[in-house]
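In case you want the letters, here they are:
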Amino acid sequence: AQSVTQLDSQVPVFEEAPVELRCNYSSSVSVYLFWYVQYPNQGLQLLLKYLSGSTLVKGINGFEAEFNKSQTSFHLRKPSVHISDTAEYFCAVSEDQAGTALIFGKGTTLSVSS
Amino acid sequence: DTEVTQTPKHLVMGMTNKKSLKCEQHMGHRAMYWYKQKAKKPPELMFVYSYEKLSINESVPSRFSPECPNSSLLNLHLHALQPEDSALYLCASSQEGASSYNSPLHFGNGTRLTVT
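Chains as they are written, first to last, in our numbering: chain S, 236 to 349; chain L, 1018 to 1133.
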C-alpha cells in the first residue's frame, strides 16, 4: 500500500527567500505524484503533477518539483516566495493500478512573512 | 473561481436534522468525489462515483448517503449526524473515471458543516 510523508508540518520563511517543502512516498508499484495547495477557506488547487517523463516538473505560481525514484522523494521548491504563497501544501500519491485512490500527506503550512 | 460549485458554503444542523450538500461541475468530468477535512488535517476520501456509479466507499457510516443523479451533480445526504462530523466537506471531480488514477482532481471550495 502506498503512503506519503511530508517531513515538515510548518515552514516559516521570509519574503523573497527560497523554499523547499519535502515529500517522501512509499509504494511497491509505479506511482503518480501531485502537489496541491489550499488557501484559507478554499478547496485544494493542483500545483503540479508527475506522471512520467522528465523528472523536473514545473507548475503554476513559479513552483517546481523533482521526482527522485531512488530516494522516493518529490520535493517542492520555489526560488523566491511571496506573501501570497502562505497556504497549506499537500503532497499526494496515486498508485499505478486500478481501484486505488489518491492518498494525501498530512500537509505543510508555509508561512511567508515580510 | 473554482469550476466545481458546492452549496451551501456553511451549514449548521442539529443531530436530529436531515440536510443535503450539493456539488455541481460542468467540465464533462466522469468521476466525482466526496472528501471530509478536519482542521489542520489532509482531506480524507469518503466516496467516489465513476460514470455515475458508486465505485469506492471508504467504510463511511450510513448517516452519510451519497447520490449521483447525473454526471454533473453529486449530493451528500446527511441524517442523525454527530458533533464529531463537523468538518469541511469537499467535492472534487476528475476528467477520467476513477480507474484512471493519474487524472488530477478539481476541488470545490467546500461546505463547512457544524453539527450542534
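No wet-lab data here; the hints were simulated from the structure.
Keep in mind that the hints are not guaranteed to be accurate.
[Claimed, not checked] Below 25 Å or equal to it, Euclidean Cα-Cα: the simulated PhoX-like pairs (lysine-lysine) are:
hint	chain 1	residue 1	chain 2	residue 2
1	S	K341	S	K284
2	L	K1058	L	K1026
3	L	K1039	L	K1058
4	L	K1057	S	K284
5	L	K1058	S	K284
6	S	K341	S	K293
7	L	K1055	S	K341
8	L	K1039	L	K1055
9	S	K341	S	K304
10	L	K1070	L	K1036
11	L	K1039	L	K1070
12	L	K1058	S	K341
13	L	K1055	L	K1026
14	L	K1039	L	K1057
15	S	K341	L	K1070
[What the hints assert, rightly or not] Pair by pair, the computed Cβ-Cβ distance ranges are:
hint	chain 1	residue 1	chain 2	residue 2	range
16	L	T1022	S	S238	30 to 36 Å
17	S	P275	L	A1097	29 to 35 Å
18	L	S1089	S	E250	38 to 44 Å
19	L	R1080	S	F249	45 to 51 Å
20	S	S315	L	R1080	44 to 50 Å
21	L	H1094	S	P247	39 to 45 Å
22	S	K293	L	P1078	38 to 44 Å
23	L	A1097	S	S348	41 to 47 Å
24	S	S348	L	S1079	45 to 51 Å
25	L	R1129	S	S287	34 to 40 Å
26	L	T1131	S	T344	22 to 28 Å
27	S	E251	L	S1079	47 to 53 Å
28	L	E1061	S	N276	15 to 21 Å
Predicted model only: the values in this text are computed from it and were never measured.
Even for Gly, the Cβ is constructed at its ideal location relative to N, Cα and C.
So, going through the hints one by one against the coordinates:
no.: 1; hint: S/K341 / S/K284; verdict: 18 Å, holds
no.: 2; hint: L/K1058 / L/K1026; verdict: 19 Å, holds
no.: 3; hint: L/K1039 / L/K1058; verdict: 23 Å, holds
no.: 4; hint: L/K1057 / S/K284; verdict: 23 Å, holds
no.: 5; hint: L/K1058 / S/K284; verdict: 21 Å, holds
no.: 6; hint: S/K341 / S/K293; verdict: 22 Å, holds
no.: 7; hint: L/K1055 / S/K341; verdict: 11 Å, holds
no.: 8; hint: L/K1039 / L/K1055; verdict: 19 Å, holds
no.: 9; hint: S/K341 / S/K304; verdict: 21 Å, holds
no.: 10; hint: L/K1070 / L/K1036; verdict: 22 Å, holds
no.: 11; hint: L/K1039 / L/K1070; verdict: 17 Å, holds
no.: 12; hint: L/K1058 / S/K341; verdict: 6 Å, holds
no.: 13; hint: L/K1055 / L/K1026; verdict: 16 Å, holds
no.: 14; hint: L/K1039 / L/K1057; verdict: 24 Å, holds
no.: 15; hint: S/K341 / L/K1070; verdict: 29 Å, violated
no.: 16; hint: L/T1022 / S/S238: 30 to 36 Å; verdict: 32 Å, holds
no.: 17; hint: S/P275 / L/A1097: 29 to 35 Å; verdict: 31 Å, holds
no.: 18; hint: L/S1089 / S/E250: 38 to 44 Å; verdict: 41 Å, holds
no.: 19; hint: L/R1080 / S/F249: 45 to 51 Å; verdict: 46 Å, holds
no.: 20; hint: S/S315 / L/R1080: 44 to 50 Å; verdict: 47 Å, holds
no.: 21; hint: L/H1094 / S/P247: 39 to 45 Å; verdict: 42 Å, holds
no.: 22; hint: S/K293 / L/P1078: 38 to 44 Å; verdict: 42 Å, holds
no.: 23; hint: L/A1097 / S/S348: 41 to 47 Å; verdict: 45 Å, holds
no.: 24; hint: S/S348 / L/S1079: 45 to 51 Å; verdict: 46 Å, holds
no.: 25; hint: L/R1129 / S/S287: 34 to 40 Å; verdict: 37 Å, holds
no.: 26; hint: L/T1131 / S/T344: 22 to 28 Å; verdict: 23 Å, holds
no.: 27; hint: S/E251 / L/S1079: 47 to 53 Å; verdict: 52 Å, holds
no.: 28; hint: L/E1061 / S/N276: 15 to 21 Å; verdict: 19 Å, holds
Consistency with the previously given hints fails for number 15 only.
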